[in-house]
Every structure is written in structure tokens, then in C-alpha cells.
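Peer 1: Here's the letter readout for the chains.
Protein chains: 2
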Amino acid sequence: MGEHDIFLFLLSLASLLTCARLLGEIARRIGLPLVVGELLAGIVLGPTIFGRIAPAAQRALFASSMPKSMLSGYTNVAVVLLLVVAGLEVDLDVVWRRGRSAFLTSVFGIVFPATGGLALGLLLPDSDLVEPGHRMLFALFVGVALSISALPVIAKTLLDLGLFKTDVGLLVMAAAMVDDLTGWLCFSLLLGPMHGHGTDAAAIGRTLALTLGFVAVTMFGLRPLFDRTLDRLGRDRHTAPRRALSLLVLLALFGASTTQAIGIHAVFGGFVVGVAAGDSSKLTERTRAVIHEFVTSIFAPVFFASLGLKVDFVRAFDLRLCLFVFSVACLAKVLGGTLGARLGGLRLRSAAAVGFGLNARGAMEIILATLALEAGLIRDQFFVALVAMALLTSLLSGPMMSALLRDDEQEDVGLLFREGAFVRDIAAKTAGAAIDELVQSIAETLGELAPIARKSVLEREAVASTGVGDEIAIPHGAVEGLKRPFLAVGLSRDGVDFDAHDGRPARIIVLLLMPPRTYDLEVRILASLARVLNSAENRARLLMATPADARAIFDGARTQPRRRRPPLPSMADM
Amino acid sequence: MGEHDIFLFLLSLASLLTCARLLGEIARRIGLPLVVGELLAGIVLGPTIFGRIAPAAQRALFASSMPKSMLSGYTNVAVVLLLVVAGLEVDLDVVWRRGRSAFLTSVFGIVFPATGGLALGLLLPDSDLVEPGHRMLFALFVGVALSISALPVIAKTLLDLGLFKTDVGLLVMAAAMVDDLTGWLCFSLLLGPMHGHGTDAAAIGRTLALTLGFVAVTMFGLRPLFDRTLDRLGRDRHTAPRRALSLLVLLALFGASTTQAIGIHAVFGGFVVGVAAGDSSKLTERTRAVIHEFVTSIFAPVFFASLGLKVDFVRAFDLRLCLFVFSVACLAKVLGGTLGARLGGLRLRSAAAVGFGLNARGAMEIILATLALEAGLIRDQFFVALVAMALLTSLLSGPMMSALLRDDEQEDVGLLFREGAFVRDIAAKTAGAAIDELVQSIAETLGELAPIARKSVLEREAVASTGVGDEIAIPHGAVEGLKRPFLAVGLSRDGVDFDAHDGRPARIIVLLLMPPRTYDLEVRILASLARVLNSAENRARLLMATPADARAIFDGARTQPRRRRPPLPSMADM
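So the sequences go chain by chain: X and H.
The first sequence: position 372 = 372 (our numbering), numbered continuously.
The second sequence: position 57 = 631 (our numbering), numbered continuously.
Where hints are given, some of them may not hold.
Said to hold, decoys possible - Derived BS3-like pairs (lysine-lysine); straight-line CA-CA distance at most 27 Å:
| # | chain 1 | residue 1 | chain 2 | residue 2 |
| --- | --- | --- | --- | --- |
| 1 | X | K310 | X | K68 |
| 2 | H | K1003 | H | K856 |
| 3 | X | K282 | X | K429 |
| 4 | H | K884 | H | K642 |
| 5 | H | K1029 | H | K1057 |
| 6 | H | K884 | X | K68 |
| 7 | X | K68 | H | K642 |
| 8 | X | K310 | H | K642 |
| 9 | X | K455 | X | K483 |
Stated by the list, open to error - Here are the in silico distance ranges between beta carbons for each label pair:
| # | chain 1 | residue 1 | chain 2 | residue 2 | range |
| --- | --- | --- | --- | --- | --- |
| 10 | X | A57 | H | I604 | 48 to 56 Å |
| 11 | H | L1117 | X | T430 | 23 to 31 Å |
| 12 | X | A60 | H | A790 | 24 to 32 Å |
| 13 | X | L22 | H | K1003 | 38 to 46 Å |
| 14 | X | S65 | H | D700 | 36 to 44 Å |
| 15 | X | A57 | H | G1006 | 52 to 60 Å |
| 16 | H | D999 | X | L458 | 41 to 49 Å |
| 17 | H | L786 | X | G2 | 22 to 30 Å |
| 18 | H | I604 | X | A201 | 53 to 61 Å |
| 19 | X | K429 | H | K1003 | 19 to 27 Å |
| 20 | X | R315 | H | A637 | 33 to 41 Å |
| 21 | X | A57 | H | L786 | 23 to 31 Å |
| 22 | X | L22 | H | A790 | 20 to 28 Å |
| 23 | X | L396 | H | L1032 | 54 to 62 Å |
Just so you know, the hints here were simulated from the structure itself, not pulled from any lab data.
Please read these numbers as outputs of a predicted model, since none were measured by experiment.
Glycine is no exception: its CB is placed at the ideal position from the N, C-alpha and C atoms.
Just chain X, with the same shape it has in the complex (with noise of 0.2 Å):
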């Protein structure tokens, strides 16, 4: 290896995180999501723009081959800790509590468009294919590219409109995590065929058995393996979180190394790593935030703005694919998660903006994409399309799903407020003490359904924790005998952990009873309290609020002018 080639991959390097970081920065800049940017940035420094003006510089840049050889180790880990990343995220336990709602809206959002898909796939003209004699290989692969659904994009939507944590967006979650999972297994299996492995059912039988076995090793093997070595490895503030970031990493490239061989693709056993390691407890919310933290700064602008090296935009961009993708796509996915979502006992709208949410595809579609342009499974042209879907689809996420829970919908938590109880100073120090607390100070009206209601509460929080930031929480359950919603207010001078994304103790406590199958009422007020909560004057009115002042902040509900939170980061970025 001459110096030349460590020069050039040097360079090479600085200048796609450098652009990449500052298209990024510009795109989330004026409301776009990173991820835009700093594709962008790839098609700047790729053939389409610079390419275009100095083919010469630019192929010594980026096209010799020992540097570029360097540059796609980089990109290789960056792929499978990118995906170690969007693993973390999913959480299996929700799944398993949302049951059958979830069951039907994601089985729903998979199947739609997968039919859509596939159907396109076969109907596409001959020209559109890489070779036509792989056509069902190829529509196969789009039923799977059209049905998998971007977590991270709807995690951020749902933080946006105050609904992460509610049952109704841990319903949407639950069925994106299926959507997820299953996409990804099923796309792992297209790929030994893809690579030549063999298309006889005895080598996909095989494929699938290894995936399968890979998959149960890795959760009921070594998870809790991980469980126990995290616990081993001590709490010293030092070298704790190093150790924990250490074997995060071995194991989600000895994952991705096993993946690999079996001959899915190695991103899969960085996914599944994640997923596994993510459910752990001992996994402290310090180092998440640190692998996250330096994936999305470091990793993850070199590979999305690398894919841009790969393709001319300008030459492949094919406005009638470009459309026959974007519609298929939408169309199917956003019926399938509302029929679902309507099956599963929500209201039309409600469930139409689940169907939204389900259609976000962000960057995991890009990747499933980069993956089957390398395989040589599609052309430039299909690539580009399902980059374009990708990004149009999460665009227009947020903002049906805004529009869909508008105010029109909003419910009059003013007069919750006044028929509920309004606690100035919770003495609990725990989240379960306070919500013991909130129940006793409407216990009268309950009468003997406040041990049920505090049962269900608390069952609602083990499953995942209610505080949403900025110093709220809003534990939350159905009460099985409950005639209406029922809403208790209560302060906390020191604040109460109730386990919130931004690590602040809640210091406004929400507590809502609702009766059961109610998910579209549960929307509503929820929606409702976010923009009341939303507001940093209206927090700080209310912690020092006499209760007549705090009546009047929650009877502002209905007229205020809808404020947005500030953009989370989340992996949404990406």
C-alpha cells in the first residue's frame, strides 16, 4: 500500500463526511431530513455533478482501486453499525403486548404491498430489468423493498405529535418492528439466490434453516449471554461503558461475519445483534447514546453519501419508474396499515394515519436498495426510484399523519381537567409511588374500580415507560368498567424518574384512565395535551400554577395555536 493510496483514501474520506455533514446540516436546516442531504452529497462529489465537470480528478479520487478498496471497508462497518443502531430500537416486548392489533395492522402492511410488489415487478416491461430471466427473483425483491417500513421515521413523527408513548403509537411501532423484521428475513433469503447460491428449493430450504437458527441463537442464546457478561463487567463509570461499546461491536460483526457466510447479507446479523442487545436492560442509556451518537456523525454520512458514488442520478432518473413505484407504494401500504389498523379497532382517520405512519420508508429502504444494486438484482433506474420513494414516502409521513389528528379532533381536556383532581406537590419519589399517589387523589370519584385502574396503570408502565421529555410524563391505562376518561394532574418539586428519552425526572405528572377499546378517544386527549404540554411557557405557568391558573392553561387547549415541538434527533436523521 503506497502513500499515494493512504493520501487518496484520506482524502477521500474527509471530503464525503465533510459534504455529506454539511448538506445534511443545510437539509434538516430548511425541514428535510438528514438522510436527503447527505445523499445529496454523494451525487455532488459522484459522477452526476463532479464526475460531470472533472471526470479525471474525480476518478483518481475515488475510483482507484486500492483506495476505494479502503474506503468500502469503512462503508462495510458503517452499514452493519448503522443497521446494530436501527436494532437497538426495536423493542420486542412491545410487540408481544400490543398482541393482536399490532398482529393485524403489521400482517396488514405487509401483505398489501408486497401483492402490489410483486404484481409490479412482473408487470414491469423487460427493459426495466437487469435480466428478465430472474423476473420473479426481481419481483420478489420488490414485495419486500415496497412492505418494509422505516422505524426510526415514525419513532421521530410520533415524538413530534406528543404520541410516541401511547398505546396508539406503540401499536403503530409494534407493527413497524414486524414489518421490519420480517422484511429483513425475507430479503436475507432473496439474496442467496441472488449471489448465485442456487434458486432449488434445497438451497433456499438450507438458506432458511441457517437464518432461522442464526436468528434463534442470537436472541434465546446469546441474549441472555450479553445480559450476564454486561452485568459482569461491572458498573465502574470508566471502564464499564468502554467494555459494554466493545462487545456491542464484536458481536455485531462476528453477527454480520455469520450472516454473511450463511449467504444473507451482513447487515441482517448486525441488525439482529441489535435487536437482541437492545432488550437488554443492562445496556445503559449512556451507551446507546454513544454508539448512536458516533454512528450518525461518523458512519452514517460516509455511506449515504458513498451510495451517490455508485450511481449517476441525472443519467438513471426515470420519471414514469420513478411514479409506478412511488404510487404502488404508497397506495398499497398505506391501505394495508389502515385496513389493518381499522381491524384492530381504531377509528377511520386514526387509522388512516397509522397507514401513513406504516409508509415512511426512510433509510432502511435505501440500504435494502444499495444491497440488490450491489447483487446486481435491479438497474441504476429501479435504484433511484426507490431512493426517490424512500425520501418522499418519510416526507409525507409526519404531515398526513399531523394532518389526519387534526383539531377538529381535539377533545376538551379543559373539562377533564375540572372533573379530575390537580395534585401541587406529589410527595412520591418513585414513578410507581406517584402514580399510587394520582389514583388515591381521584379514588372518591372511582370508587371501586381505583385498585383496577391502578393495576392497569402500572402493568401499562412495565411495558414501557410513559416519561415523553421536557419533564412530563403521562401514565396512562385502559380500565376495564371505566364509563369515561379520567384525567389527575399532579406536581413534582424534585421531579420523578419516569424513564424519559431526554433522561429529565417528570416534574408534571399526567395521569389518564381511559376505558377500554378506546384507542381514538386516547388519541385525541393525548393530542390535546401535547399542545397544551408542548409549550415551554405553558410548563412553566403550570409548576407554579394555582389550581384556578391551571384550569385556565388546560381550557387554552382548544384555542391555542398549535406549537411543534423542535425536531428530535433520532435515527429518523438518517
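Dock chain H against the given chain X, drawing on the hints supplied.
Peer 2: Here is chain H on its own, set in the frame of chain X:
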């Protein structure tokens, strides 16, 4: 790039990381630095052991062309980031403020080993050289290699001895920083001729001019720009750290490619960018911690392990050469450092402790040796001798410093305590106010020296804050006109922020006033104080102590068995 290449790359990376982290942790458990285990991992996986047992498998995994280039992409980024982290630890303010004594110590600490190395290089038989015709270049390299000091090892030793933030500690650190900077600069200049950029005066002059230009632009142009940019990136908890991280890494990559283009090595660029960025007050502790954690847990172990792949350590082990290099290195550096510190005003024993401190070579020496090996300047045998010397000098440094500053040297802090003051409840909330309050408590004894003492301690605090971790701060200063040392001990219920490395506010604040130029006495007093305060039990007792109890605790300093703090993490671990 085939699927099999990606598999081999991921597997080789996973094996290196796993083996390095595992052996690193074992090394640490038995009291050796992490880097010993990490190097050993490479020896196990390289030609030395794995290659002897299964040569074909070893070659397939680590020597296939494409996976090897991909891995080298990773290790090249790793070594640049390693030097960034090393650079971050250099604090130029400390160097400027230590002035004459740091200057003397570092000059002697460079000149002696440089001369010794040069002589060794000139006297070794031709058979030890790659090319006898380049003997002068080789001798110059040996001179440079023997003069560098490992800042991180020294920092860790000082932390262990409780001397990190004392005047003597700062002196050693400042001298080591100058040694490091000079060593890397000289080494970089040698790389031009090594890479055949010409050995004539014009070529060397050009490289020197470009290198100094790069350093000047980075330190004076980039540093303020970095500050301003970080400032503008804002204080948002979520996005700011990721932006700072990206900015730091992309600047490092650009610096690295610039120095690589100049004809000196990429690592020098990373190092200089690290030094420039490390000086920025806008770079938060959190960003430093994240990059440090990630580099030491993911990148550094792979880099050090990969060294073992390059060389067969058993075959290349030459005892004669190891002894030569080790003896000359130790003798010259210890003598030089001791003499410099003695001339700088220290007593012989403390000066010798400084000498042994500077003698630690650590990871920096190993990186230097690797680059020389790759440039074809040294033979495998000499590489192994340098690595062995680096490890041995690092291992020796702590015990020798600790022995030289041993118990019989200790000061009677019990007496000082009885003559001083004890403030059981400090009201101050800031470091400055706490210092005020403690000076006030002995103002009567100090008389007209009180304002001078206050000014001196505050000035010293401004150079480097004196929080030493474990809720202890030892603000101190030399007071012109003072005849003997004074101690005032204060306790703070809520703690006062003295910017300790562990982030904890100080609850035990010890004000120490010294007569001017009594470095030795200061070292002894601080070592005795460390002996009292290193014990968690003593600290707990002190926090609830009556004046009589406190007296008893400080009286115990002479007799109490020495307790060591648990090892603190730092770059030394590498």
C-alpha cells in the same frame, strides 16, 4: 468486491477486536497496560502463533488482498483518530505557564536520549540496518524514537500518585508535551527522505517549510475558526455533540491527508488537529469523552492488534538489540529528565522521579516504530526491540516514581493541619468564593500576605483547575514572602465545582499555601495529603468530622498503610 471478501474482512476485524479486547482486559486485571494485551492479540492471530499452527487459514483470513486493503482502511482511520485523542490531551497553556522549568526539563529530556539514540544508530553493525547506505537517516530516527515521552502514561501515573494537578505534575506533563510535539515534528521531517522525496537540503527545507506552515495554519488559523464554529453550532443537547464530533473528525481527516500530501505522515496531521481542538474551551467534556470511549474501545485495539500481523515476534526477537535499545533509552532519558528537573529547581529524588516519569514511552513509541517499519527504515528485529522498550519503560515508570516519592519523604500534614484552619461548612458555591472563604479563615495568621495568597491561588486555579476527583479539590499557590506552608481544610455540604476529571463537585477542599520555589516540599505535602484522602473511609469520616476527629485523620497520614486508588482510565490504557 465479492461477497467472500466482505466476509473475510468482517471476520478478520471481529477476530482482531475480540482477541484484543479480551487479552487487553486480562492484561489490565494482572496490572499490565491494556496495550500489552492488545499487542499480544496480534501476536496470537499473526504469523507468530496462529500462522505457525495453521498457516493456510491464517493467510486466508489476514493476507487476502482485498480484505487486507479493507482492513487497512479501518486501521488507518484508527491510527489517525488515536493521535487526535492523544493531541486532545495536550494543553499548551500548561506549557507556556510552566515556562523555564518545563523548558529545561524538556530540553534535557530530548537532548540526552536524542544523542544516545543517534550514537546507537551510528554504532550498530551494518547487519542491524535495512540499508547501510541510509545509516544517517536510521540514526536520526533512533534519536527521535528514544526522545519521545508518552503523555498518557505519565498522566495516569500522576493521577495514581495524587500528583496530577500539582505544580510538579504540571511540570512533568508540560515537559512530556514538548517532547511529544518535538519528537513528532522531527519524525515527520525524516519521513520525507524515507519515502524518497529527496535527501537534498532543498527537499528537506521544502518539507520543513510546509510542515511548519501546516502547524501555523492549524494552530493560529483553524483553532479560532474551530472555536467560533463550535460556538455557532449552538448548545442544543441533541444535535450539538454530533456536530462537534463530525467537525473534529473531518478536520482530523483533512489534516491527516494534508500532512500525507506534504510527505510526512497522516498521523502528524491528526495529532496537530487534536492539539488545536483540545485547547478549545468550546469542546465539551462530553464530546471528548465520546470520542475517547469510541476510539479506545473500537479503533485502538484493532490497530494495536494489527501490528502483530506484520511481524513474527518470535523470529524477530533479538535479545542483544532489545537490551541495547532498552539500556540506552532508559539511561539517556532518565539522566536527561533528572538533570533538567534538578536545574529547574527540584531536589534530586523528585527530579529523578520526573526523569522516570518522562521515560515512559507507551503507545506513541509503538506507533512511531510501526510507521518506520512500514517506511522500510527499520528491520523487524529493531521494531520488536522498540516495542519491547516502549512497554518496559511504561511499566517501570509508575513503580519508580512511586518509590522515589516514598513514605520516608512524607511531610507531617497533621502538624500543618493543627496550625491551619478547619471550616466545617463552606457556604461558597463557586471555586473562587470557596478559595476566598478558606484564605479568610487563616487571614489572621497570614496578616498582610492574605491578599497576595488569595491572588496567587486564584491565578494558579486559572491555569488548571485543582479538582482531583473523588470529591476532593486542592487549590494551592506559591506566596511570595511566606516562610512555611499553610493548610486550610474546608467541607462543603453541596459540593463546589472544581472541574474534576470525574465531574464530581468537591466536598473536601484543601487550601495549600507554599513558600515560593519549594517544589519538593510541595510534592511531599501533596503525596501525604493523597495518602490521607485516597482512602474512601477517611473521606467519609472527614465529611462528618468534628475538629478533633479531623485532626486524628490527618495525624494518621504518617502511619497509615499506603492505599492506591483504583486505576483510572486514560490514554495510558492504550
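Peer 1: None of the hints should be skipped; say for each whether it holds.
Peer 2: Checked hints:
A hinted pair counts as satisfied when its Cα atoms are at most 27 Å apart, and K310(X) with K68(X) qualifies at roughly 12 Å. Restraint check for K1003(H) and K856(H): satisfied, since their Cα atoms lie roughly 23 Å apart, inside the 27 Å limit. Among the hinted pairs, K282(X) with K429(X) is consistent with the structure: their alpha-carbon atoms are about 22 Å apart, no more than 27 Å. Using a Cα cut-off of 27 Å, the hinted pair K884(H) and K642(H) holds, with the two alpha carbons roughly 12 Å apart.
Restraint check: the Cα-Cα separation between K1029(H) and K1057(H) comes to about 17 Å, which is no more than 27 Å; the hinted pair holds. Our distance criterion of 27 Å between C-alpha atoms is met by K884(H) and K68(X), whose separation comes to about 22 Å. The straight-line distance between the Cα atoms of K68(X) and K642(H) is roughly 13 Å, inside the 27 Å bound, and the hint therefore holds. About 22 Å separates the Cα atoms of K310(X) and K642(H), which keeps this hinted pair within 27 Å; it holds.
For the suggested pair K455(X) and K483(X), the alpha carbons sit about 17 Å apart, so the restraint of at most 27 Å is met. One distance hint, 48 to 56 Å for the beta-carbon pair A57(X) and I604(H), holds here, with the actual separation near 53 Å. Distance hint for L1117(H) and T430(X): a CB-CB separation of about 27 Å, consistent with the stated range 23 to 31 Å. Here the CB-CB span from A60(X) to A790(H) is close to 29 Å, well matched to the stated 24 to 32 Å.
Between L22(X) and K1003(H) the beta carbons are some 41 Å apart, a value that agrees with the proposed interval 38 to 46 Å. For the pair S65(X) and D700(H), the supplied restraint of 36 to 44 Å holds, since their beta-carbon distance comes to about 38 Å. Under the hint 52 to 60 Å, the C-beta atoms of A57(X) and G1006(H), about 56 Å apart, fit the expected range. D999(H) and L458(X) have their C-beta atoms about 42 Å apart, which keeps the hinted 41 to 49 Å range intact.
A C-beta distance of roughly 26 Å is found between L786(H) and G2(X), which places it inside the suggested range of 22 to 30 Å. Between I604(H) and A201(X) the beta carbon distance is about 55 Å. The supplied range of 53 to 61 Å therefore holds. The hint said 19 to 27 Å for the Cβ distance between K429(X) and K1003(H), and at roughly 25 Å that hint holds. Checked against the hint of 33 to 41 Å, the pair R315(X) and A637(H) passes, with Cβ atoms roughly 39 Å apart.
The given range of 23 to 31 Å is respected by A57(X) and L786(H), whose C-beta atoms sit roughly 28 Å from each other. Separated by about 26 Å at the C-beta atoms, L22(X) and A790(H) satisfy the suggested range of 20 to 28 Å. For the pair L396(X) and L1032(H), the beta carbons lie near 59 Å from each other, so the given range of 54 to 62 Å is met.
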